[in-house]
Structure formats: structure tokens, C-alpha cells
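Dock chain B against the given chain A, drawing on the hints supplied.
For the record, the sequence lines run as chains A and B.
Using my numbering, read the first sequence as starting at 24 and increasing by one per residue.
Using my numbering, read the second sequence as starting at 3 and increasing by one per residue.
These aren't lab readings, by the way, just hints derived from the structure by calculation.
The model shown is predicted, which means the values in this text are computed figures rather than measured ones.
By construction, the Cβ of each residue, glycine as well, lies at the ideal position given by its N, Cα and C atoms.
Do not rely on the hints blindly, as some may be mistaken.
[Claimed, not checked] On the chain A side, residues computed to face chain B include the following (Cβ under 8 Å): (1) Arg162; (2) Arg211; (3) Leu216; (4) Arg512; (5) Leu522; (6) Ala529; (7) Tyr530.
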Amino acid sequence: MMRLRALHLTDFGPFKGTQTVKFPPGEGVTVFYGENMRGKTTLLNAIRFVLFGSIIARSARSASLHNAGNWEQQAAGKYGFSVALDFTHEGRAYALTRSHRPRHGITVPRHDDDYLTETFLSRDGDVLGPQERQVELQRILPEQISRFFLFDGELLQEYEDLLSQDSEMGHRISEAIERILGVPVLTRGRATLAQAKSAAERRAAQAAQGDHRTREYGSQLEGLRQERDTLDHDLERQTHDLEDLRKRKSSLEEALKKKERFSILIEKRDGLNSQIDEIERRMDQRRDDLRKAMEHAWSTLLIKPITAAIGVLSERESALRTSIARVELLRSMHLKSDAECPACLQHVSSEAKRKVEATLAKGSGESLDQQQAELSDVRRRLEAGRKFANAASSEVIQMNWGLVEEAARELFTKRDQRDDLDRQLNEVNEDALRSTKAEYEKSILEISSVTNGIQMTRRKLEEKATATEQLRRRLDRSAGADLEQAQKRWKLLCDLHDLLNEAVGAYRERLRKSVEADASKHFLKLTTEEDYKGLSINANYGLTILHNDGTPIPVRSAGAEHIVALSLIGALQNNAPLKGPILIDSPFGRLDSGHRKNIVRALPTMAEQVALLVYEEELPPALARSELKGKLLAEYKLDRRSARHTELVART
Amino acid sequence: MAPVDRSKIDLSAILTTVETIRAERFSGLDAALVEDVLRLHADPGGSDAELARKVEELVEQFASRRP
Chain A
24 MMRLRALHLT
34 DFGPFKGTQT
44 VKFPPGEGVT
54 VFYGENMRGK
64 TTLLNAIRFV
74 LFGSIIARSA
84 RSASLHNAGN
94 WEQQAAGKYG
104 FSVALDFTHE
114 GRAYALTRSH
124 RPRHGITVPR
134 HDDDYLTETF
144 LSRDGDVLGP
154 QERQVELQRI
164 LPEQISRFFL
174 FDGELLQEYE
184 DLLSQDSEMG
194 HRISEAIERI
204 LGVPVLTRGR
214 ATLAQAKSAA
224 ERRAAQAAQG
234 DHRTREYGSQ
244 LEGLRQERDT
254 LDHDLERQTH
264 DLEDLRKRKS
274 SLEEALKKKE
284 RFSILIEKRD
294 GLNSQIDEIE
304 RRMDQRRDDL
314 RKAMEHAWST
324 LLIKPITAAI
334 GVLSERESAL
344 RTSIARVELL
354 RSMHLKSDAE
364 CPACLQHVSS
374 EAKRKVEATL
384 AKGSGESLDQ
394 QQAELSDVRR
404 RLEAGRKFAN
414 AASSEVIQMN
424 WGLVEEAARE
434 LFTKRDQRDD
444 LDRQLNEVNE
454 DALRSTKAEY
464 EKSILEISSV
474 TNGIQMTRRK
484 LEEKATATEQ
494 LRRRLDRSAG
504 ADLEQAQKRW
514 KLLCDLHDLL
524 NEAVGAYRER
534 LRKSVEADAS
544 KHFLKLTTEE
554 DYKGLSINAN
564 YGLTILHNDG
574 TPIPVRSAGA
584 EHIVALSLIG
594 ALQNNAPLKG
604 PILIDSPFGR
614 LDSGHRKNIV
624 RALPTMAEQV
634 ALLVYEEELP
644 PALARSELKG
654 KLLAEYKLDR
664 RSARHTELVA
674 RT
Chain B
3 MAPVDRSKID
13 LSAILTTVET
23 IRAERFSGLD
33 AALVEDVLRL
43 HADPGGSDAE
53 LARKVEELVE
63 QFASRRP
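For reference, chain A alone in the conformation it holds in the complex (with noise of 0.2 Å):
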């Protein structure tokens, strides 16, 4: 594994002039103090640019080299630096250096391009050319999986992507893990693999078609095995543009996510606006009823003489009532000749008989209908006093008054906050907005059709498959030395094809159940929380929190997503193939005292070699002593001379 000795900076950043840090033999941590401002970012820069050649920002976005050299050195006239990095890997000592200087006859560089960059690395003292450079490099510390050997812990929330099946960075983290732990080794066999067969296939063809015996045979060979290429053209197209597709998709839900916060405010003043137009329509009707309450609004002038007359109607009413329904008694008995008297069902007596004959005498016939012609009189007078009452009443105005009142404050409510979204969304191009949620929207379905296309595919593929398995049954029978030859050579391509075509799942499988074990144990040394029994992983090798009891933690802290990153890159050093030194910018994040704590006594069983960027207060030197005793290998100090200048000095 690659073990770091030394590196050397020359005007790199606020390290003016050359100075150097040793990394001493021996497993444990390095730590590195700086306050905020002092250079800790860029000394993770300078491993980066030694490396690889080139740094990135916080953004975790490539930076330009131009302004990466010192400030006062410039302010001098003195443009340009050079990194260099001692390290050891698999007993070979190493010499890294790589320099970023003005090009010839450019005396005040302005962009990347005034500068040239030249690297040499030495292995045990012999000097490799520049193609056996570049393999070497990439086979100690390929840049794809440079994140888990040197990250900003700040960076963290990253792995947080792993557990969207769509996520763009994901994908692309997903992608690096599987290359730190050798997927590739096995993915990339399988294609040379299956390269290497298509060829033997047509070489079998060919030695068919030279046989009289089997020349029908070899051209109907070469022929499926022609549509077969062409079909895996079409499925190596459609995959390629389902990725592109998906990857669109995620930018768009990026982009969507981004203006997540504009989408919500616009549907909210969406919202707004419909109730406007309700609570104005409901106004309206209100004001409506009030004007035609206010019609008669003079009315409840009278009301008083009004109400004194409805009481006088209704007591004539009543007397009315009762004096046609004794004459109506009386008739009735009059009428009967064996009349009973219908209150207490006695015989009524002629005596009796006659004095209601003249009682009925008393009252004529007229005056019964004359009563009955006062009552419906009465009556339709109480109608229209009572409904004249009823319309004047102010209570009814007052009603009416108030609804209209309270539409309007409502209106004016909603106005104000409609007014104030209006402001909020003032800056944002709500087409563009829509415009990007349609695409969206169409990139969905533009996936689900290219996913339907690989089905058909692969199924013709199958089709063909099938054919060129029975031909080539019938070939078998009548085949010559030299075709028998061709055949053998295909069949144990074909055969190493599909075993490490099984072993990529096979392998896939294992790696995630060891990750997953390996990071519950880092998980539940790192934690805090008693109640976690560990994390369960997908097929992206995202991690999910595990609660005692089985459950999954849908929601986490940012501090339990920068544990979970943390677990993630310690159980992905223990199995990759390829091991290094962790360099860690800011591990702690924002982490609670006890966290750090366990992150601290961690560390040194992440990775053989662990450096740490800190400032003092994130991790107070007296901590780092108690929690790391025998396994803190050696303290530096970024000290400040100025604002453009830092030393690195050693504490003893």
C-alpha cells in the first residue's frame, strides 16, 4: 500500500518558500492545527495537485492553477511552484514532483495557459518516462478513487446521494466505490472477454466456410453472428442513452431541487390567487344581498307601528278564529235532529235546542261569511306586515354589512400575502421554471420508452442466441481439424465469458454484505446513540441507519449522515484491493464532543496512515493526545507570518 514520507511545497498557496512536512513510519495519525484562513485546504491541495495534477474548490469543482501559487511571491514578481511527494508502495521508495511554471518568454502570467506543468517520479531512485509515469500513478492511487483517500469532511453529506437510485452523484459515487474495491478487474475482463469471443466466433466462421462439408453452415454462422453484432451496437446505443437520459434526468432534478423553494412559492401564490377569486366572487354576492337589504332599509323607520299593528292583526286573528269555529259548533248541532252535544256527548234537549236556534237567529248567515271574509283580510295583512318587518330589519343589514366586511379583510389578507410572494418571486424566470419541469417530466417518459427498446433488444438478442446455438449443434457434427480447432478455442472464451459474467454479480453481492458488516462496526464505534444496531446497504452501497429493534431511521441529522460517510470510507479501506493514507479536511462537521471522541480513538483503525486538518477548537490538542496516545504520530502547526504566509512547524 502507498504510504506517504514526505512532502515538499515551494510557493504553494500561503506556504511561501520551501517548506516540508515528514509523515513518520509507523501506523497511526498526523495532525495538522490551522485556524480558519492558515492553509489547511490547501495543503489537502497540494497532495491533490502533486498527485494528480490539478486542485479542486470547496465546491468540489476544479480550481484554476494560476492563482494557486503564493500571493507575496507574485506581489514579487515570482510566479509558478512545485510540490513534491516521498512515498513508499509495495517496498519501492518513490519520488514525486511536479511543478507549475511561467512559460518560456511569459514574465507576468495571467491564465492556466502561461504556465507549463512538468512532473517527474522517480521509483527507487530510477527516473520512469512519462507513459510508464502515468500507469505507475494510476495504479498506486487512481484519481477516480482519490475521494476516499483525501476528502473534505465537509464534503460528507455526498454519500447522502447513495441512497436515491436516480441521483447523478450517486451514480458517480457508486461508480468509485465499485472501482476501489476491483469491481472493474472483473467488468473489465468480461468485455475484453467478450471481444476476444466475437472474434474466435467469426474465426470459427471462417474456418467453416473453408470446408465444403460445412460452407452453408459457416455463412448462415457468420450471418447471425453479424445481426447478433449489430443488435449489441444497438444495446450498447440504448444503454448509453438511458444513462445520458438518467443522468439529464437527475441534472433536471438537481436543478428542480435547487429551485425546490421557488416551485413551492409559486404554487402557494397559485393558491392564493384562486381563493382571491373566490373570496371576490363571495363578495360580490354579499353586496348583492346588502344592496337589495339596503333597498329597503328606510323601512325600519316604521317598524315600530308596524310591530304594534301585527300584534293587533294577530289578536283579531285569533278572535276570528274562534268565534267562526262556535258558529260552526252550533250549526252542526242545529242540523242533527238527535244532536249530541259534542263536548261531553250528552242528549242535547229541546230546551237546549232552542236556545242555540236562537243564538243562531241572533248571528245571520252573513255575519259567519262576513267573519270569514275579515279573517283572510287579517291575514293577508299579517303577511305583508310581517315580510315588510322582516325586510327592514336591520339586523339583516347588519348581517349582510358584516359578511361584505369580512370578505374584504379576507381579500386584503390574501392580496398581501399573494403581493408578497409577487415580490419573492420577482427575480425567478417562472418559464424557465415550468420549462425545466416539463423537460423533466418528458425525460421520464423518454426513459421508459429507451428501457422498453433494451427489452426488445435483448430479447431479439435471445432470438439469435437460440439460432446460432442449433447451427452451430449441426456444425458440430460434420466439422474438420481445423474448425474443430476454431471451435474449441470459442467455446473457452464463451465459458471464461459467462464465469465472469456470474462472478461480477457473485462479486457485487459479497462486497456489499462486507461492506455492510464493516461499516456497522465502524458505525457503532463512532456512535453515540445505544439504540442503532447498525446499517443495512442497497444496491448502490448506500448505508441506512438500523435501530435495535430492525427498523430503519428514514430521517437523519447531518451529523448521523457524516458518521454514516465516515463508516462508509473506513469499511471501503478495509475492502478495497487497493489501500492508501486518509487525508481528512474538517472530519468533525458538526459533530457533538462525543462524536469527536470516537471519530479521534477511530481513526487509526480506518487506515494504516491517517492525517488530520483541524483548527484547535474542533479538536483541542490535549484530546487528540489522550484519545490517540501511542498512535499520534507526529503534530504540525500552521502558523500564521501574514495573510499570505503560513510556516509549517512541527510540535514536539
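Coordinates of chain B only, in the frame set by chain A:
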């Protein structure tokens, strides 16, 4: 043909996985040939065409050794 360098990368986990499948399902395949093919691919140097050529050479060597 250059000998396959067996010291470059720790392939034990990959080799164990592949050997298990070979022994169970592809016992007719030679274990040493499989290991050589894998070691060839553990080296990051070399183009795909070069790798394919080396694989064919390995297979040719193996096939010509056998009756």
C-alpha cells in the same frame, strides 16, 4: 509474451469469488488460466485492444498445451 505480474494488487477476494464459481459451475476451465486473465485486468495500464490480444494469447497458449 510478458509474464503476468502477480504482486501488483491484492486480488484475493476477487480470486476467491471467481474460483468458487469456477469449481462449481465451470470445472472444465483451468484455474490458472482464469487467474492469469484476472491478473491481466488488475493492471490499469494497457488499452482494451491490447488486453484482448493478451487474452487471446493466453487462450492460444493454453489450448495449444492441451491435446
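For each hint, the structure was consulted:
Here the hint on Arg162/A is kept, as its CB sits about 5 Å from the closest CB of chain B, short of 8 Å. Hint on Arg211/A holds. Least Cβ distance to chain B is approximately 5 Å, under the 8 Å limit. Interface hint at Leu216/A: satisfied, since its Cβ lies 6 Å from the closest Cβ of chain B, which is below the 8 Å cut-off. For Arg512/A, the interface hint holds, the least distance from its beta-carbon to any beta-carbon of chain B being 5 Å, beneath 8 Å.
With a cut of 8 Å, the hint placing Leu522/A at the interface with chain B holds, because the nearest CB-to-CB distance is about 5 Å. The criterion of a C-beta within 8 Å of any C-beta in chain B is met by Ala529/A, whose closest approach is roughly 5 Å, and the hint holds. Checking Tyr530/A against chain B: minimum C-beta separation of about 5 Å stays under 8 Å; hint holds.
When each numbered hint is compared with the structure, no violation occurs for any of them.
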